[in-house]
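Colleague: Here is how the chains run, residue by residue.
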Amino acid sequence: MKQFDYVRPATVTEAVAAAAQPGAVYLAAGTNLLDLMKGNISRPDRLVDVTHLEGLDGIERLADGGLRIGALVSNADLAHDADFARSYPAVAEALLSGASAQLRNAATVGGNLLQRTRCAYFYDTASRCNKREAGSGCDARDDENRGHAVLGWSENCIATHPSDFCVPLVALDAVVEIEGRNGRREIALEALHRLPGDAPERESALEPGDLIVAVRLPPAASGFAAHARYLKVRERTSYAFAIVSAAAALRIEGGRIAEARLALGGVAAKPWRARAAEDVLRGVAPTADAFQEAAWRALTDAKPSGDNAFKIELARRIVARALSLAAAGTPARLPALPASLFASTSGAIHA
Amino acid sequence: MPELNLTSAPAHLRHGSNIGQPLTRRDGILKVTGHATYAADNHPPGMLFAVIAVSRIAHGRVTSLDVAAAKRHPGVVDVMTPDHKPQLAIDPEIKTNPFVFRMEALQSNEVRYANQPIAVVIAETLEAATEGAVLLAPRYETLPPLVGLDAGESFVPPVVGVGNPSEHHRGDVEAGLASAEKRIDATYETPPQYHNAMEPHAIVVQWDGDSLSVDMPTQGLKLSLARIAELFGIAHDKIHIRSPFLGGGFGSKGLMGGPPVLGIMAAKLVGRPVKLVLRREQMYGPVGHRAPTRQRLRIGADGAGRLTALDHHARTVSSTFDDFYEPAADASHTLYAAPAIRTSHDAVRVNTGTPLFMRAPGEATGSIALESAIDEMAWACGMDPLAFRLKNYAEREPISGKPFSSKALRACYEQGAARFGWAKRSLQPRRMRDDDGLLVGWGLGTATFPALMFQADARAAIRRDGSGVMEIGAHDMGQGAWTALAQIAADAVGLDIDRVAFKAGTSDLPDAGIAGGSAHTATAGAAIHSAGAAVIAKLADLATNDERSPLFGAGNAGVIAREGRLIRRDDESRSESYAEILARAGLAEIEARGTGAPNPAAMEEYAMHAHGAVFAEVKVDPELGQVRVSRMVGAFAAGRIVNPLMVQSQLFGGMIWGLSFALHEEAITDRRTGRIMNANLGEYHVPVNADVPPLDVITVEEHDPHVNALGIKGVGEIGITGSAGAVANAVWHATGVRVRKFPIRIEELLTQR
Ligand SMILES: Cc1cc2nc3c(=O)[nH]c(=O)nc-3n(C[C@H](O)[C@H](O)[C@H](O)COP(=O)(O)OP(=O)(O)OC[C@H]3O[C@@H](n4cnc5c(N)ncnc54)[C@H](O)[C@@H]3O)c2cc1C
Ligand code: SF4
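One line per chain: the protein sequences are P and W, in this order. Using the numbering used here, count along the first sequence one by one with no gaps and you end on 366. Using the numbering used here, count along the second sequence one by one with no gaps and you end on 1960.
Since the hints were made in silico from the structure, they are not lab data. Every value quoted in this text rests on a predicted model; they were computed, and no experiment measured them. Check each hint, because a few of them may be wrong.
To be verified - To give an idea of the chain P side of the interface with chain W (calculated C-beta under 10 Å), a few residues:
(1) Lys-17
(2) Val-22
(3) Arg-23
(4) Ala-25
(5) Asp-50
(6) Leu-51
(7) Gly-54
(8) Arg-131
(9) Tyr-136
(10) Asp-157
(11) Glu-159
(12) Val-248
(13) Arg-249
(14) Arg-332
(15) Ser-355
(16) Ala-358
To be verified - The list that follows gives simulated cross-link-like pairs (lysine-lysine, DSS-like), each with its CA atoms no further than 27 Å apart:
(17) W:Lys-1389 / W:Lys-1238
(18) W:Lys-1292 / P:Lys-17
(19) W:Lys-1598 / P:Lys-318
(20) W:Lys-1710 / W:Lys-1238
(21) W:Lys-1445 / W:Lys-1475
(22) W:Lys-1631 / W:Lys-1598
(23) W:Lys-1475 / W:Lys-1302
(24) P:Lys-53 / W:Lys-1278
(25) W:Lys-1302 / W:Lys-1292
(26) P:Lys-17 / W:Lys-1278
(27) W:Lys-1609 / W:Lys-1598
(28) P:Lys-17 / P:Lys-53
Just so you know, even glycine gets a beta-carbon here, dropped at the ideal spot from N, CA and C.
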């Protein structure tokens, strides 16, 4: 492995200063970063370990009814927090459908948001990849791309963002709190990840040294708790990234949809909020036809980036399904196989 | 009650011994407490770490390596390259026998496949060696790689698998097809697959002058020893290999490959002990894999659903520099009673590491195609798939006309079907649903694997204290040899298992042959059995010829061995303990050797195979196409079951491999570069626990007096064979969509609503 410096700052301010230097990166649980380093995809000069910073590992109910989740809370602890799971069931379900139990125990909230794409050419350092090496080309365009993006891609990059967690978060208008060289600021999660355009190497709105300190769910987010689901189609029942996933959340009042939230995963370089689909659902009855219409709307702009046209049709069907599951009501207990189409099938104790 | 019968009554008729008991693994506690020492757990003093640098191109030449940069890196001790390496005694390109495969031992700058070793960096730490390998920054002259089943001119290989003719026929296939009322002509594809044993290939090497000490997982201690001896020009008795435990092998640790040879060379180069462990992605190249296939099956049947012809052709690949051909079509030799059968193979050469044996080579690939095609034919004939298979049940081996040494397949079908509830299956596909509206499909696959025997030796001894010793260089790959072979050993010397010191896993012990071909228990077991019989015979000689013994005059034929005593057969009140016999003779120990080997006369006369029937249930989301297996029942007849618990585990494992074959496993190769794009366990999917349904294994009683003295057929590979087809057929039955390219992908099932 390349030699690197390792620093463990005591305060957030020190961390930001240490990470603002060229070649420095934050290390959280390392479940993504260390793999990238072992494979020589990332070759940082300095790791700034944030796991010992004080005050970033709490889950805090805010006075306004919102919730603030520290960046160091583990994926597992968050999903298993009873109050959290009750208020934001689709987020808990998404978390528990990701990776494996061991990885979820380690992985942090901040790291999950900023995990890198799983594009095979990004990982293969002998391939050309604009994201890994700006301007080198994109070897995914002409070969193994059946898992790649169908929305928001560009000729320069067709990779997807792999996080499950981000999908319901973006549907629920989550906000990211950032500490940077110029102090604290916050941005909508929807604005955190960038579409590739002509600079796929710039993946997020973060500047050098920017540290995610928390993710906040606004007060309205818990209003969907009664009708919220996350659904994920993957190539094995657990421990696989989504081919396509969808988070659907509804507020149903008097038999009509007062408000709908919908986001897709595995389809673009960012968690994909489908506002046009949300709009067609406002004020209508939660029927299969309405959900079909919404599904259609959600994918209007989709186009294959390669051998992956099937993902568009699959995404439509998942959207319709996730909406109807949400309409049917959040299950009283999280299914043993979270986010799985086989949630009800017996035989599994956990994913 | 252990009993060794020295009369002519065949061993397989004995009951109530150690053999047949469901003992738990004797090495289980060592393993769960971390005390079982795998090769890479060894750290001799002064040991250095060697890391292989591998090629990123699949075809061409290395033109430069920045050795200076690597050597400048702190901790790097040396860099082994084609220009700087110890000389081997013979060129590794020379095939000294058919079980020697060409390997890369830095003999040239040529690159023949991606992930080929091109240099070795040796350093004080693993990290330094790893970075040194990166700093080599190889440059290449790249040539276009050959990739895929259509890479070039095809040719007919002279032999497939291990020396099988590449074509076989019996009867007139074209006439059979012409006369058929129903015909199937279907083409199936299977992908390249990698063994992915949990334990990566590893070696720890220590040279002491010209003596060599090696820790390395191997499925063939003596074969490895012989290969090392010829490559390094040293005598066999100068080499000591320890391989007490393997974290899986599945065929990839059977024959000596390049990486361990590089480890031995590296240790020689630097004059210090060296450890070399492959990284997971480096296992996708130099240590073998299952070749991809494209198989065309043409089948004919008459109006009554009786097969008239079976034509199975398989296209496969081998490397550009060596020959191994997946014998996929041979799977059609044994199962179905077609009056005309033809099997044939052709191949193309591609830039890959040489494909090799991988759990059920030929049978696994061939079986999923054959079982799918048979299912298609059953449907074409409007018949239940089980009824169709029974109608075409082979009473003699179809390709040879020989009788079977034993074949309890009918009982497998019956017991499996009953346990599964097969009778309730709808004939039509896409007719069954569960309470949640998921499509339900039921599928069947027939399992088959030859009952092979190799050659092995064992040494047995009885010691003065009455205890026994059994020595054999056998291999425990996780399958349970430490337990099952010790059970056989205990019966062989008429002692309780705890009274026998069972020694295995090192190269100084008698040759146990190779742990492959599902033949290890049978082969090593036969050697153990005969060594035990021989030592008891010697002991009996001592007693019956000594007038001071109560057994005097009983003669060999009149003595049985049981619980550490020899007992007069016609008068059980007259007996003497082993200890008493040896004490009186003034011997510290008495020993004898025995061998296990195939019986050519029996092989000439009989076809010898294990069989089974696997029933699978899948659930498929009708709109989204995601598949999950919900239940599997496998009924297998594999002769004598030495340890029911371990056999069940082997069969479970095989069935899971079958499920994986049908739904998950595939190495994805970039068509332009020949590089494998998912060489890690995150993206090369094998089933996780949540994919594995409740499995039910039935072992059907089967007595086989011909396969070997103990009546053992193997169970290591058969489990994968019927299972892959059963799952594929269940997917069809659930959806009505026949997918002929494996693994079955979601997009194939999205077509219908
Ligand atoms: C085999 C495997 C399967 C997986 N499957 C799934 C899956 O199905 N679904 C899914 O969603 N995920 C999956 N993951 C990804 C997993 O969720 C991420 O690896 C994990 O969430 C990353 O968290 P971490 O704390 O380990 O981050 P790290 O690896 O430590 O960091 C990841 C990145 O985030 C940056 N970073 C971390 N924390 C901060 C911070 N507070 N502020 C600024 N930057 C920060 C780091 O610099 C780095 O670039 C899988 C991972 C593996 C290895
Ligand atoms: S799709 Fe993006 S990440 Fe993948 S190779 Fe192309 S540029 Fe790189």
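Colleague: Does each hint fit the structure? Answer for all of them.
Modeller: Each hint tested on the structure:
1. Look at Lys-17 of chain P: its Cβ gets to within about 6 Å of chain W, closer than 10 Å, so that hint holds up.
2. At a threshold of 10 Å, the smallest CB-CB gap from Val-22 of chain P to chain W is about 19 Å, leaving the interface hint violated.
3. This hint is violated: Arg-23 of chain P has a C-beta 19 Å from the nearest C-beta of chain W, more than the 10 Å allowed.
4. Given hint, Ala-25 of chain P at the interface with chain W, is violated; its Cβ is 27 Å from that chain's nearest Cβ, farther than 10 Å.
5. Interface restraint check: Asp-50 of chain P against chain W, minimum CB-CB distance 8 Å, threshold 10 Å, status holds.
6. With its C-beta approaching chain W no nearer than about 12 Å, Leu-51 of chain P sits outside the 10 Å limit, and its interface hint is violated.
7. Below 10 Å, beta-carbon pairs count as interface contacts, and Gly-54 of chain P has one with chain W at about 8 Å; its hint therefore holds.
8. For Arg-131 of chain P, the interface hint is violated, since its Cβ never comes within 10 Å of a Cβ in chain W; the closest pair sits about 13 Å apart.
9. Checking Tyr-136 of chain P against chain W by beta carbon gives a least distance of about 7 Å; that is within 10 Å, so the hint holds.
10. Because the closest C-beta pair between Asp-157 of chain P and chain W is about 7 Å apart, less than 10 Å, the hint holds.
11. Nearest Cβ of chain W to the Cβ of Glu-159 of chain P: about 5 Å, under the 10 Å cut. The hint holds.
12. The restraint placing Val-248 of chain P at the interface with chain W holds, with a minimum CB-CB distance near 5 Å, inside the 10 Å limit.
13. For the restraint placing Arg-249 of chain P at the interface with chain W, the shortest Cβ-Cβ distance is roughly 8 Å, inside the 10 Å limit, so the hint holds.
14. Among the interface hints, the one on Arg-332 of chain P holds; its C-beta lies about 5 Å from the nearest C-beta in chain W, closer than the 10 Å criterion.
15. With a least beta-carbon distance of about 8 Å to chain W, the hint placing Ser-355 of chain P at the interface is held under the 10 Å criterion.
16. At a threshold of 10 Å, the smallest CB-CB gap from Ala-358 of chain P to chain W is about 9 Å, leaving the interface hint in force.
17. With a C-alpha separation of about 55 Å, the suggested pairing of Lys-1389 of chain W with Lys-1238 of chain W is violated against the 27 Å cut-off.
18. A C-alpha spacing of about 26 Å is found between Lys-1292 of chain W and Lys-17 of chain P, which places the hinted pair at or below 27 Å, so the restraint holds.
19. Distance restraint check for Lys-1598 of chain W and Lys-318 of chain P: the Cα-Cα separation of roughly 51 Å exceeds the 27 Å cut-off, and the hinted pair is therefore not satisfied.
20. Of the supplied pair hints, the one linking Lys-1710 of chain W and Lys-1238 of chain W holds, its CA atoms being roughly 17 Å apart against a limit of 27 Å.
21. Taken as a hint, the Lys-1445 of chain W and Lys-1475 of chain W pair is honoured in the structure, with Cα atoms around 15 Å apart against an allowance of 27 Å.
22. Between the alpha carbons of Lys-1631 of chain W and Lys-1598 of chain W the distance comes to roughly 19 Å, so the proposed pair stays at or under 27 Å and holds.
23. This hinted pair checks out: Lys-1475 of chain W and Lys-1302 of chain W have alpha carbons roughly 23 Å apart, not beyond 27 Å.
24. Only pairs whose Cα atoms come within 27 Å are accepted, and Lys-53 of chain P paired with Lys-1278 of chain W is accepted, the gap being roughly 20 Å.
25. Only pairs whose Cα atoms come within 27 Å are accepted, and Lys-1302 of chain W paired with Lys-1292 of chain W is accepted, the gap being roughly 21 Å.
26. Distance check on the hinted pair: Lys-17 of chain P and Lys-1278 of chain W sit about 14 Å apart at the alpha-carbon level, within 27 Å; holds.
27. For the proposed pair Lys-1609 of chain W and Lys-1598 of chain W, the alpha carbon gap of about 19 Å is at most 27 Å, so the pair holds.
28. Proposed proximity of Lys-17 of chain P and Lys-53 of chain P is supported: the alpha carbons are some 9 Å apart, at most 27 Å.
The structure shown violates the earlier hints numbered 2, 3, 4, 6, 8, 17 and 19.
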